[in-house]
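Asker: With the hints as constraints, model all of the structure from the sequences given.
Letter by letter, the chains look like this.
2 protein chains.
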Amino acid sequence: MTLPADGVEIRLASRPEGWPTSENFTITRAAVPAVGAGQVLVRNLVMSVDPYMRGRMNDTKSYIPPFEVGTALEGGAVGEVIASESPDLAVGDVVLHGLGWREFAVVDAGNAVKVDPGLAGGAYGVFLGVLGMPGLTAYAGLLKAADFREGDVVFVSGAAGAVGSLVGQIAKLRGAAKVIGSAGSAEKVAHLKDDLGFDEAFNYKDGPVLEQLEKAAPEGIDVYFDNVAGEHLEAALSVANQGARFALCGAISQYNEKNEVVAPRNLFNAITKGMNLRGFIVAEYGDLKEQFFAEVGGWLAEGKLVARETVVEGLENAPTAFIDLMRGANTGKMLVKI
Amino acid sequence: MTLPADGVEIRLASRPEGWPTSENFTITRAAVPAVGAGQVLVRNLVMSVDPYMRGRMNDTKSYIPPFEVGTALEGGAVGEVIASESPDLAVGDVVLHGLGWREFAVVDAGNAVKVDPGLAGGAYGVFLGVLGMPGLTAYAGLLKAADFREGDVVFVSGAAGAVGSLVGQIAKLRGAAKVIGSAGSAEKVAHLKDDLGFDEAFNYKDGPVLEQLEKAAPEGIDVYFDNVAGEHLEAALSVANQGARFALCGAISQYNEKNEVVAPRNLFNAITKGMNLRGFIVAEYGDLKEQFFAEVGGWLAEGKLVARETVVEGLENAPTAFIDLMRGANTGKMLVKI
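Protein chains in written order, with UniProt numbering: chain A, 1 to 338; chain B, 1 to 338.
Mixed in with the good hints, there may be bad ones.
Unchecked claim - For lysine-lysine, the following DSS-like pairs were computed, each having C-alpha atoms within a straight-line distance of at most 30 Å: (1) A:Lys178 <-> B:Lys61; (2) B:Lys61 <-> B:Lys258; (3) A:Lys144 <-> B:Lys258.
Stated by the list, open to error - Quick look at which bits of chain B chain A covers, simulated, 3 or more residues with Cβ under 8 Å: (4) 84-93; (5) 108-118; (6) 248-261.
Said to hold, decoys possible - Just a sample of chain B residues kept apart from chain A, beta carbon distances all over 12 Å, derived: (7) Ser14; (8) Glu200; (9) Leu233.
No lab work stands behind these hints, which were simulated from the structure alone. Backbone N, C-alpha and C fix where the C-beta goes; we use that ideal spot for every residue, glycine too.
Answerer: Structure representation (structure tokens):
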């Protein structure tokens, strides 16, 4: 097999100010780098767009370095090894790695994880979703950061997204008394209740979050899994029961906001209610992976978990997929098929 | 001994809007109630004014019910039993109880704790300070809520107050790498460094808290004990190290604020830094009392802890003492000698 000389890749053209637009991205062809010792050449099959990528598009110091303007973006992807200079991976292996946003990636073998194509039945997107980073985020965030306990009333925002939809389902499978979700459309609300088994769900665009949450949870909430921040977090602080536990996972209401953030204005509730607020990123919980694969993989195999995907076709549409993700166009995990 | 027919008591005249004034209090004489079965009559010797009392002056639902307008205020006090209808307490016993703000209190024996006058050498204020509620607040808040660990860099706001001054000293005694305090005057800053052994201290009125904190803690902070909220909390979130732990204990910058609270605007740091924020009130940690008395009592007996008091003479000056407390006039525990 002749190796490709070049391939499509997507670069950051400029840093978005506020909401990202297509002008922040460059779709171009670039030479495929040489495969060095210990590396493999991967033909990407599917890639992930995730909300956290928005943060990397800013020039701010954070837990991972910012993307660089003029160079290819990065992110989770699954592809097939088409050349190998590593004894650990062979041509034909399917691997999960961190160099998405491009047709061909040269990856250090140590940064590529071989996945079992049998487990997914060829639908590799699960390794970027329910059995991947969003799945572990939901699992570890709920069980560790929020210290979920059987009998809890659980509220999750962004509940129709990749992480939120799993948080709600895992809470139910682990014995939550009640699971409440918020989402941004009537269709998503129906999906939460009809397909995912949420007890209550509401469209945050229908009215103040606090009013809708109070109605959905007259008994208060014990756990809040926050993907949104802002008004959602304030409502959850108001409605929280004594000793409530919050997992702070995301703040999508703020990622594209140019105005100054003013919330939460009622954090004092955390004192009077003896609450715990735990911020986290998934990397912290790597040691939970084995337990996660066993439990969540088991539920998935038994058909107890619904893992909806929104799949966009074509690498050239990845910027649009990302922009749409920011606006909540997806239900479940947003993927780009390459 | 003839029992008193009446005595001075201080009532809430009206709920303060913003900063409390003397007009919010009524100083009056009232009949001493009859001592019922299981009760004792106590002549109060010393009483406490505490920041949390401000919250009870508002008509808002919280962990304790609000004070009622027209009735006597309540709060920690130590006094001598002068009549007893309880087999558990005898005339002459010295007891700690919750009915301060009055000369004579009729207390259910079950709500009065006999204290050892020998321990305090007759200075009963310690039972309202270092060995009382503020002491346990500092001890449990630092060790449990903030999960303090040897080698931590610790920042405490309101550091010259009853709680803050103990937090810093306990942290040093327990092996903190560095203890930083903020306070509201040059005298207090000197007290923190010269008398209490803080490594760094600054006057928050001298300039932006963030700038001063960054200078005091170029290595970042691992623990923040928050008595103040607002700008202090935002600065601490900015300067926090990965995995930092915050104990949220008070918000004195906000208690008398009529304008809407706008902070913290940078809570997103809690996510990227994997931080834990734990709100608490001391009642939650009652099971720690025995350990607290043993360890803190030991340090006190060995002269390893400085427990400064600001003592105001005369029950009629209790409203002024409280108002002054709100403005930070005290160094260490604020007490009213009756």
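Asker: Are Lys61 (chain B) and Lys258 (chain B) close enough, with their CA atoms no more than 30 Å apart?
Answerer: 18 Å, holds
Asker: The region 84-93 of chain B covered by chain A? Criterion: 3 or more residues, Cβ-Cβ distance below 8 Å.
Answerer: violated (count 0)
Asker: Going by Cβ atoms, does Leu233 (chain B) stay more than 12 Å from chain A at every point?
Answerer: 8 Å, violated
Asker: Closer than 8 Å Cβ to Cβ for three or more residues is the test here. Does the region 248-261 of chain B pass it with chain A?
Answerer: holds (count 7)
Asker: Holds or violated: Lys144 (chain A) with Lys258 (chain B), Cα cutoff 30 Å?
Answerer: Not OK: Lys144 (chain A) and Lys258 (chain B) at ~38 Å, beyond 30 Å, violated.
Asker: Classify the label on Glu200 (chain B) as holds or violated, using whether its beta-carbon is more than 12 Å from each beta-carbon of chain A.
Answerer: At roughly 24 Å from the nearest Cβ of chain A, Glu200 (chain B) sits farther out than 12 Å, so the non-interface label holds.
Asker: Given the hinted pair Lys178 (chain A) and Lys61 (chain B), is their alpha-carbon gap at most 30 Å?
Answerer: Status holds; Cα separation ~25 Å.
Asker: Are 3 or more residues of the region 108-118 of chain B near chain A, judged by a Cβ distance of less than 8 Å?
Answerer: violated (count 0)
Asker: Holds or violated: is the Cβ of Ser14 (chain B) farther than 12 Å from all Cβ atoms of chain A?
Answerer: 23 Å, holds
Violated hints, in rising order: 3, 4, 5 and 9; the structure is consistent with all others.
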